[in-house]
Amino acid sequence: MWLRGLETFLEFPSKKLDKLKKMCYNYCAMHNKMRLIKRYKNRRLYDTDTKSAVTLSDVARLIRDKKEFKVIESDTGEDITGATVIQVLLNVEKRAREVGRMVTSIGKATGKKTEEIISVLMEHIRSILKVMDKSPDSETVNSKQ
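All residue numbers for the sequence shown refer to the numbering used here, where the first residue is 1 and numbers rise by one.
There's no promise every hint is true.
[Unchecked claim] The calculated lysine-lysine pairs, modelled on DSSO-like cross-linking and capped at a C-alpha distance of 30 Å, are: (1) LYS66 with LYS112; (2) LYS51 with LYS112; (3) LYS66 with LYS108; (4) LYS51 with LYS41; (5) LYS51 with LYS67; (6) LYS66 with LYS41; (7) LYS112 with LYS94; (8) LYS41 with LYS94; (9) LYS113 with LYS130; (10) LYS51 with LYS70; (11) LYS67 with LYS33.
[As the list claims (entries may be wrong)] Taking CB as the label site, the calculated pair distances span: (12) HIS124 with GLU78: 20 to 30 Å; (13) ALA53 with SER119: 14 to 24 Å; (14) LEU90 with LYS67: 15 to 25 Å; (15) LYS112 with ASP75: 30 to 40 Å; (16) SER119 with ASP75: 15 to 25 Å; (17) THR76 with VAL120: 44 to 54 Å.
Simulated from the structure, these hints should not be mistaken for lab results.
Glycine residues also receive a C-beta, built at the ideal position from the N, C-alpha and C atoms.
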């Protein structure tokens, strides 16, 4: 927002302003320890901190881990963090619906109630998580999720 006022005040050509925005975002990301993720025209995401491509699942992990991050368009420097977070939430909801359909299908096939199936699934998940927490490779397993 303040850059728009700066553009009017200094009458920067648009390309110079875009370059200035990129420099500001990169500077802020480095000094605030905020992860900077760039989205390119091909819609791929790139984490400038790890210097690697990331997926929406990786962004979801950042959200779960309460890490600060910002997503910007690589060519304009426009902040698109909100839109990216919404996209992550839609993917999570889509997966939740798929699990719901799966549970319903299991219920129809076995004749058990949905609550019973969910209860059994939750017990299995809890036992798996306990094993993962005790495992010496738990860091490796958790980092690949």
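Hint check:
1. LYS66 with LYS112: Given that 30 Å is the threshold and the Cα spacing comes to 38 Å, the pair is violated.
2. LYS51 with LYS112: 49 Å, violated
3. LYS66 with LYS108: Measuring from Cα to Cα gives roughly 39 Å; hence the hint is violated.
4. LYS51 with LYS41: 17 Å, holds
5. LYS51 with LYS67: 17 Å, holds
6. LYS66 with LYS41: The given pair, whose Cα atoms are some 27 Å apart, holds under the 30 Å limit.
7. LYS112 with LYS94: Given pair LYS112, LYS94 holds - Cα atoms ~24 Å apart, limit 30 Å.
8. LYS41 with LYS94: Cα-Cα ~25 Å, so holds.
9. LYS113 with LYS130: Measuring from Cα to Cα gives roughly 26 Å; hence the hint holds.
10. LYS51 with LYS70: 15 Å, holds
11. LYS67 with LYS33: Within the cut-off at roughly 10 Å; holds.
12. HIS124 with GLU78: 20 to 30 Å: 44 Å, violated
13. ALA53 with SER119: 14 to 24 Å: 39 Å, violated
14. LEU90 with LYS67: 15 to 25 Å: 20 Å, holds
15. LYS112 with ASP75: 30 to 40 Å: Violated - the Cβ-Cβ distance for LYS112 and ASP75, about 53 Å, lies outside 30 to 40 Å.
16. SER119 with ASP75: 15 to 25 Å: For SER119 and ASP75 the Cβ distance comes to about 50 Å; the hint is violated.
17. THR76 with VAL120: 44 to 54 Å: With a Cβ separation near 50 Å, THR76 and VAL120 satisfy 44 to 54 Å, so the hint holds.
When each numbered hint is compared with the structure, violations occur for hints 1, 2, 3, 12, 13, 15 and 16.
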